[in-house]
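Just so you know, the protein sequences line up as chains A and B, in that order.
Residues 1 to 226, numbered by this note's numbering, are exactly what the first sequence covers, in order.
Residues 1 to 226, numbered by this note's numbering, are exactly what the second sequence covers, in order.
Mixed in with the good hints, there may be bad ones.
In this list, chains with the same sequence are indistinguishable; a pair is considered to hold if it fits within one copy or across any two.
To be verified - With a straight-line Cα cutoff of 20 angstroms, these simulated SDA-like cross-link-like pairs (lysine to any residue) come out:
#1 Lys84 with Pro121
#2 Lys84 with Ser8
#3 Lys84 with Glu68
#4 Lys84 with Gly125
#5 Lys84 with Arg118
#6 Lys84 with Phe73
Simulated from the structure, these hints should not be mistaken for laboratory data.
Number of protein chains: 2
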Amino acid sequence: MDFFDVVSTQRAIRRFLPDPVPDALVARVLDAATRAPSARGAEPWAFVVVRDAGLRAEIGRLYLTAWETAGQFTEATDADRDVKAAPHYGRMMRGADALARGLGTVPVHVVCGLDHARLGPIADGAGGLRSPGAAYSSILPAVQNLLLAARAVGLGTTLTTLHRAFEPALRELLGLPDTIEPVVLVPLGFPRDRFGATRRRPLSDVVHLDRWGTRYARLDAPEGDS
Amino acid sequence: MDFFDVVSTQRAIRRFLPDPVPDALVARVLDAATRAPSARGAEPWAFVVVRDAGLRAEIGRLYLTAWETAGQFTEATDADRDVKAAPHYGRMMRGADALARGLGTVPVHVVCGLDHARLGPIADGAGGLRSPGAAYSSILPAVQNLLLAARAVGLGTTLTTLHRAFEPALRELLGLPDTIEPVVLVPLGFPRDRFGATRRRPLSDVVHLDRWGTRYARLDAPEGDS
Numbered sequence: 001m002d003f004f005d006v007v008s009t010q011r012a013i014r015r016f017l018p019d020p021v022p023d024a025l026v027a028r029v030l031d032a033a034t035r036a037p038s039a040r041g042a043e044p045w046a047f048v049v050v051r052d053a054g055l056r057a058e059i060g061r062l063y064l065t066a067w068e069t070a071g072q073f074t075e076a077t078d079a080d081r082d083v084k085a086a087p088h089y090g091r092m093m094r095g096a097d098a099l100a101r102g103l104g105t106v107p108v109h110v111v112c113g114l115d116h117a118r119l120g121p122i123a124d125g126a127g128g129l130r131s132p133g134a135a136y137s138s139i140l141p142a143v144q145n146l147l148l149a150a151r152a153v154g155l156g157t158t159l160t161t162l163h164r165a166f167e168p169a170l171r172e173l174l175g176l177p178d179t180i181e182p183v184v185l186v187p188l189g190f191p192r193d194r195f196g197a198t199r200r201r202p203l204s205d206v207v208h209l210d211r212w213g214t215r216y217a218r219l220d221a222p223e224g225d226s
Numbered sequence: 001m002d003f004f005d006v007v008s009t010q011r012a013i014r015r016f017l018p019d020p021v022p023d024a025l026v027a028r029v030l031d032a033a034t035r036a037p038s039a040r041g042a043e044p045w046a047f048v049v050v051r052d053a054g055l056r057a058e059i060g061r062l063y064l065t066a067w068e069t070a071g072q073f074t075e076a077t078d079a080d081r082d083v084k085a086a087p088h089y090g091r092m093m094r095g096a097d098a099l100a101r102g103l104g105t106v107p108v109h110v111v112c113g114l115d116h117a118r119l120g121p122i123a124d125g126a127g128g129l130r131s132p133g134a135a136y137s138s139i140l141p142a143v144q145n146l147l148l149a150a151r152a153v154g155l156g157t158t159l160t161t162l163h164r165a166f167e168p169a170l171r172e173l174l175g176l177p178d179t180i181e182p183v184v185l186v187p188l189g190f191p192r193d194r195f196g197a198t199r200r201r202p203l204s205d206v207v208h209l210d211r212w213g214t215r216y217a218r219l220d221a222p223e224g225d226s
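Next up, chain A with everything else stripped away, as it sits in the complex (with noise of 0.2 angstroms):
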């Protein structure tokens, strides 16, 4: 697929069918993911494919109360009040709750590590970070990657975080080392929610030029170059 073609229509996917994801695809979009820069060229990631439907499952449990806790907090302090009146809010959020009654049984979960290990002084040594946007700056590009690739080959994806509300649990499950942060549980299979475009902010609200506030008006009319 055309690289524009595959950045345009990306998009969160949060219903898959059944179908089982081929090995060669899983290769394919974690070879994808490792080619993502690292902080000193290190290379700090790791990924454990969840293919066991037990485990899966018990990960559906854990991400369901986890949503429904979530969901919970949102409503009581309407945490969501400044995105809930977008256009794109309920239908996301349905979205948000279907992955989360589905999650269990999603063919594939890959959950994508950070190796503080291997991040040097950018790791304070203790679990904490000395430079979080380092840091996050050498696992997340790979994620990224990961998600472009799996449309190129057709398989749905989204990247979700909640996982970090029972972390202890997760970690249990998979047997993580302490030096492995859980950033990313990325659900992976061919999606039942179509591909297609998305719909973003104009570049004239989120881009400025030379200083904030400053208008970068040859934007508006790409075809006058400079």
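Following the hints, put chain B in place on chain A, whose structure we already have.
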């Protein structure tokens, strides 16, 4: 370009040609950045495109000072002892040194910011982050899209975070609001270095099946689909 060709040949470019970068390419690359996912679909990103020669020169001076200070620290504490024998290290460090000396004249700097005011409950409202993983998951995938899209249109980039060492001065130069965290600085220009395939740890070193330490043997023989 084909998606997998882009992913497999995207690599850090640290030496640049002086040729100007057309606005249309900047727009294309930033549009790709905004296609990334974000927590709550809030798109909490903001980009400052620095084209002004005086600003770039000043950022370059600050960066070089930070680079030299960091180099002294690394040497004094042998902070890279875990990676300095790796085959990539010498070449990478020579490139990073060339970047530090040449950054001021790279045609475009893109400062990629995370807007804490758009993070809802993920930010703590006092400049900190309640869920750093979720927060950085809402800007670093966009940065990776930017790096890949640049490669797709023939522009070089590298993901840098050293500006955090002179963040107050950078904020002042660019007039960044308090809520904007400048997470990554991406130099952008036509490459003097070459694109090309990257060398990475083999998948068997970084992928586990179901539980940590269990080899995912079928990844090594991807023709044997499940």
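Evaluated hints:
1. Taking the shortest alpha-carbon separations for Lys84 and Pro121, only the inter-copy value of 13 angstroms comes in at or below 20 angstroms, while the best intra-copy value is 40 angstroms.
2. For the homomeric pair Lys84 and Ser8, neither the shortest alpha-carbon distance inside one copy (24 angstroms) nor that between copies (39 angstroms) is at most 20 angstroms.
3. For the homomeric pair Lys84 and Glu68, the shortest alpha-carbon distance inside one copy (18 angstroms) is at most 20 angstroms, but the shortest distance between copies (47 angstroms) is not.
4. For a Cα distance limit of 20 angstroms, the shortest separation of Lys84 from Gly125 across copies, 19 angstroms, qualifies, whereas the shortest one inside one copy, 40 angstroms, does not.
5. Taking identical chains as interchangeable, the C-alpha atoms of Lys84 and Arg118 lie at most 20 angstroms apart only when they sit on different chains, with a minimum of 12 angstroms there against 40 angstroms within one chain.
6. Within a single copy, Lys84 and Phe73 get their C-alpha atoms as close as 15 angstroms, which meets the 20 angstroms cut-off; across copies the closest is 47 angstroms, which misses it.
Consistency with the previously given hints fails for number 2 only.
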